[in-house]
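For the protein sequence lines, the chains are A and B, in the order given. According to the UniProt record's numbering, the stretch in the first sequence is residues 1 to 161, in order. According to the UniProt record's numbering, the stretch in the second sequence is residues 1 to 688, in order.
Mixed in with the good hints, there may be bad ones.
[Claimed, not checked] Below are the EDC-like pairs computed for lysine to aspartate or glutamate, each with C-alpha atoms no more than 16 Å apart in a straight line:
id: 1; chain 1: B; residue 1: Lys28; chain 2: A; residue 2: Asp74
id: 2; chain 1: B; residue 1: Lys28; chain 2: A; residue 2: Asp139
id: 3; chain 1: A; residue 1: Lys129; chain 2: B; residue 2: Glu60
id: 4; chain 1: B; residue 1: Lys160; chain 2: A; residue 2: Glu27
id: 5; chain 1: B; residue 1: Lys181; chain 2: B; residue 2: Glu210
The hints are simulated quantities; they were obtained by calculation from the structure and are not laboratory data.
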Amino acid sequence: MIHFVLLISRQGKVRLTKWYSPYSQKERSKVIRELGRIILTRAPKLCNFVEWRGYKVVYRRYASLYFCACIDPDDNELEILEIIHHYVEILDRYFGSVCELDLIFNFHKAYYILDEILIAGELQESSKKNVARLVAAQDALVETAKEQTGSTSNMIAQATK
Amino acid sequence: MGPASSSLKEKHHGVLIAGVQLCTDLCKASTDALEYLRKNCTEGLVRILRDVSNSPYAPEYDVAGITDPFLHIRVLRLMRMLGQGDADSSEYMNDILAQVATKTESNKNAGNAILYECVETIMGIEASSGLRVLAINILGRFLSNRDNNIRYVALHMLMKAVTVDFQAVQRHRTTILECVKDSDASIRKRALELVFLLVNDTNVKSLTKELIDYLEVSDQEFKGDLTAKICSIVEKFSQEKLWYIDQMFKVLSLAGNYVKDDVWHALIVMISNAPDLQGYSVRSLYKAFQTSNEQETLVRVTVWCIGEYGEMLVNNVGVLEMEEPMTVTESDAVDAVEVALKCNSSDITTRAMSLVALLKLSSRFPPTSERIREIVMQHKGNVELELQQRSIEFNSIIQRHRNIKSSLVERMPVLDESAFIGKRVGSSQATLSADKSSRPTSGSPGASLKLPNGVAKPPPAPLVDLLDLSSDDVPASTSSTTDFLHDLLGGDLMSPSSSAPSGGGAGTDILMDLLSIGSPSAPTDVSVPNIISSNQGNAGELETAPASVMDFLDGLPSNSSLPGDKDPIYPSITAFESSTLKISFSFTKQPGKPQDTVIQATFTNLSSNTYTDFIFQAAVPKFIQLHLDPASSSTLPASGNGTIMQTLSVTNSQQGQKPLAMRIRMVYRVNNEDKTEQGQINNFPPGL
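For reference, chain A alone in the conformation it holds in the complex (with noise of 0.2 Å):
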């Protein structure tokens, strides 16, 4: 199973975390500085795959962005790749051209993509198109909620004038 998934920057922030394995607070910022460590130093040329405390991480980098996530050693290290790659091109699919920039301001959303594919640490969905039926309904949903608080308001701020 994945343990985490980890989204840092070149600069070594982090953008996202997700964590599918019990963590503490003091932990996590123990784990991620040490692997943001160890993958941002690593040479261009090498494999994605490092081993780090008996579990595998597997890393890849897009532009600016490294996607890291860490699996158990009897784990398929290629198919998580191809899950990491599934999930950026959903990411791209959505955003339309995603960069960096589109996460920052849009972190919720990239959260909500991420739990429709994994689930507990497996792959759930594999298939792009439903996952992008399914956050363009969630998506519906917002629009609707914020109208319609949008009309309240605008009956009340009508009603006390």
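Guided by the hints, dock chain B onto chain A, whose structure is given.
The following block gives chain B in isolation, referenced to the frame of chain A:
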């Protein structure tokens, strides 16, 4: 279980993936579930896999031309769990596995991921041999792929495959060796581990050669691992000692600094166990030392060997056919050790070992003695206490104690290999460098070699153990709890077979046991005089020593007690009297310490020649402790014109039950000859 297995019949891929994952975890959790799934769901799984791999292009699930690789992989994994150990289901899966393995394209990562999982499954279940060959071939293809990830994965898989099918993996040995030299650190590490697993008796020589060649050009971080692995390979698979020694020398010259301590200790043990190769070893080491003397461990081993086997180096003893002739003079050998001593990069251990080696050389090559003494004296004021102490002690040994020097620095006894290996495996490193305090006092430079941080106590006057050294017994591997070198120095010598004598008596007396000279039952002692005779120095004297001891003991003059200085409680005695020498003892006891006695010994010269370099030695039985203070002088004027006084302190742990007894030996020079006299003192006043 019903709902779980029914989820496998779904159409929706998401549900299917989740269902498969659920079943996998169920199998891991309970064997009943495993059995159930195996019976009911194997066909279903095979059908799913067949459908998904044969399905036409489906835009929804397509990744790089393959429909839903994730589903492929999950199903393959569950099939692995079901087929493990079960021949029937494995057979059922054979076809589909073969199909997947051959049909999947491997130019994209998705395809490779599927192939990887497929190979793992084939390795995991009871597959037919054809299928296994297919799997190994796929792995071979992976190995030559340019993508680092793929190669890494392949190496990982091969490590598991080694246990299953050794031969097939051997075929890819060259490719794996190439991977050891790869630029990627993780691949190098994996490849090295795999090579280590692949080593067997037939290919060990070529593999080691390759690895050593690579050692020359590898980076620093990698050298440590590589060295450790090479050393363990060489140790495990060496059939001939010559090859082992050769490889170890090469490793030492290339990467000596990374070699761990127990490895070169083992090398030294091996060399001392191979007497015919000692000459070759010391010569090769000498040559290697000329070229690469910045490798610390190489310097240490070289210095030790030159010290031990110096005369083999100079006299070209035991030359093997392939060696080139080489002439090394005595001063060359001393030069080499001097370089090691003076080099700035040598640390304390190396310098300490060099000092010891110089001492040994001064005994083996007497002409260089003076020069060696000068070199040693240069460290008289060294900041390091260890070096300073050694320098001063060795200087005094070379200068004044010539007669015992040769016996001090004799060839070390053959180190017991099996005991060493047993101890090394069993005990931690700490014991090897542990206390010298457990050993009885010793002035042996040979022992201090192995424990460079141990302190060699200065011999103010030779104590009991020094006499033990002249017998040079083979270490017993009996006392396993004491540390290694305790055995080495003949710890068993400290347990003489006879306890305190009830009176005097020749034959198996304490001193005989302690000295172990002249006892015909111990065959090793016969060889001892031979080794001694090969050294310069007092060879002749020691060889005749056994005989003289026997004679002497048989013809002991009875000591009469002369009225000497009367102590109120204990009368003085004449301990020893011969035609040339007289010794008298006077006793004082501390009040309140009945077991301690202070003896004042007075030596008088009865002949008309002056004695110089006078040394008094004493031996006592086990229940007595003896301490000798330095003598007032070492020159005894003739005809009783002057005397030497020396104080002894004796502690009798069985005071009141057993009387004091003592054996004594006097060594001195008269008329430019060395003379020895020995005797036993039986006439101690009772109650001491």
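- Message: Hint by hint, where does the structure go against what was stated? Just the numbers, ascending.
- Response: 2, 4
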